[in-house]
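Could you put together the complete structure from these sequences and hints?
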Amino acid sequence: WRHYDEYIKRPSFRPQWLARLGLKTLVRPLKKRDFNAAQQVDVFIANSTGIQADIEEFYQRKSMVIFPPIDVSSFSPLAKNRKQTSIQKKPRCLIWGRIVPMKRLDIAIKACQKLGWQLDIIGKGPDVDNLKNIADKHTNFLGFVDNATREKYIKKADLFIFCSHEDFGIAPVESLASGIPVVAYEAGGALDYIKPEKNGWFFSEQTDSSLIETLEKLPGKKVSPTKISATANEFSAAIFHKAIKNIVDKSWKEHYRENRN
Numbered sequence: 003w004r005h006y007d008e009y010i011k012r013p014s015f016r017p018q019w020l021a022r023l024g025l026k027t028l029v030r031p032l033k034k035r036d037f038n039a040a041q042q043v044d045v046f047i048a049n050s051t052g053i054q055a056d057i058e059e060f061y062q063r064k065s066m067v068i069f070p071p072i073d074v075s076s077f078s079p080l081a082k083n084r085k086q087t088s089i090q091k092k093p094r095c096l097i098w099g100r101i102v103p104m105k106r107l108d109i110a111i112k113a114c115q116k117l118g119w120q121l122d123i124i125g126k127g128p129d130v131d132n133l134k135n136i137a138d139k140h141t142n143f144l145g146f147v148d149n150a151t152r153e154k155y156i157k158k159a160d161l162f163i164f165c166s167h168e169d170f171g172i173a174p175v176e177s178l179a180s181g182i183p184v185v186a187y188e189a190g191g192a193l194d195y196i197k198p199e200k201n202g203w204f205f206s207e208q209t210d211s212s213l214i215e216t217l218e219k220l221p222g223k224k225v226s227p228t229k230i231s232a233t234a235n236e237f238s239a240a241i242f243h244k245a246i247k248n249i250v251d252k253s254w255k256e257h258y259r260e261n262r263n
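My numbering applies: residue 3 is where the sequence shown begins, and numbers increase by one.
It is possible that some hints are incorrect.
[To be verified] Derived pair list, reagent style DSSO-like, types lysine-lysine, alpha-carbon separation capped at 30 Å:
1. Lys-244 to Lys-229
2. Lys-64 to Lys-33
3. Lys-158 to Lys-134
4. Lys-82 to Lys-157
5. Lys-219 to Lys-82
6. Lys-126 to Lys-116
7. Lys-219 to Lys-158
8. Lys-223 to Lys-157
9. Lys-252 to Lys-64
No wet-lab data here; the hints were simulated from the structure. This structure is a prediction, so every number in the text was calculated from the model and none was measured.
And the structure:
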């Protein structure tokens with residue numbers, strides 16, 4: 003419900019006029035039914051502190067936070083192969099993930115073009131053609147690539163750029179695990195894993211000018227790929243599985259005890 007205005011402005015499916023009509027027609031009855039259904043839930047688990055706040059705001063329910071599982075072990079070895087100890091004068095930037103309007107890749111493209119920095123984009127999605135229309139020689143659309151090819155671009159990258167307001171955001175944490183610092187929009191799940199000056203930096207407004215203001219300060223900054231990678235360890239699959247097991251066991255015991263009484 004928090005992203006309703008964004009979905010209306012930039013629907014991720016076509017025809018967009020039909021998507022907007024459907025959203026406007028259905029939102030009120032669906033919101034009411036969704037709220038009523040939420041009152042039947044025994045335990046809410048949020049995937050970030052931002053979603054925890056949303057659950058309380060929209061459903062008036064308490065929740066606990068368990069971060070999503072990230073395959074840290076597949077990415078952390080890449081950090082050891084990165085030679086960067088500082089961000090170069092003209093950094094090479096990287097993005098990977100699904101290319102849809104709500105990701106706001108247009109912000110990164112415009113910012114890198116104005117700065118004259120290389121931006122490599124890995125992934126596919128319905129917004130590719132729109133983004134190609136605004137991109138110039140500084141943007142490289144790679145489409146879907148295999149892991150070996152992605153690893154080559156990870157090794158080259160100075161920065162990972164994350165422009166969207168997401169519930170959590172898997173790709174930025176994968177980037178951290180790889181030893182790449184992240185420049186992220188200061189909202190949503192990014193607030194739970196970006197530690198300014200330690201593993202990344204924030205930009206405050208969802209605009210290319212705000213992103214540029216942050217990016218311009220970064221060339222020459224010292225970085226440690228292995229230390230950056232270590233900040234992703236708390237999001238490992240092992241920690242997730244343990245947390246889920248604990249909450250399921252606890253909830254089941256409470257449910258069993260209540261039914262016995």
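### Query
If you draw a straight line from the CA of Lys-82 to the CA of Lys-157, is it 30 Å or shorter?
The given pair, whose Cα atoms are some 10 Å apart, holds under the 30 Å limit.
### Query
CA of Lys-252 to CA of Lys-64, is that 30 Å or under?
Roughly 16 Å between the alpha carbons, so the hint for Lys-252 and Lys-64 holds.
#### Entry: Distance restraint between Lys-158 and Lys-134, which requires alpha-carbon spacing of 30 Å or less
It holds: about 22 Å lies between the C-alpha atoms, which stays within 30 Å.
### Task
Starting from Lys-223, check that the Cα of Lys-157 is at most 30 Å away, please.
Roughly 18 Å separates the two Cα atoms, so the pair holds.
### Query
Are the Cα positions of Lys-64 and Lys-33 separated by 30 Å at most?
holds (19 Å)
### Message
Against the 30 Å threshold, does the CA-CA distance of Lys-219 and Lys-82 hold or violate the hint?
### Response
holds (26 Å)
### Hinted pair Lys-126 and Lys-116, Cα distance within 30 Å
holds (24 Å)
### Query
Can the restraint linking Lys-219 and Lys-158 be considered satisfied, given a maximum Cα separation of 30 Å?
Judged against 30 Å, a Cα distance of about 20 Å means the pair holds.
### Task
Would you check the hint for Lys-244 and Lys-229, treating anything up to 30 Å between C-alpha atoms as holding?
holds (24 Å)
Checked against the numbered hints given earlier, the structure satisfies every one of them.
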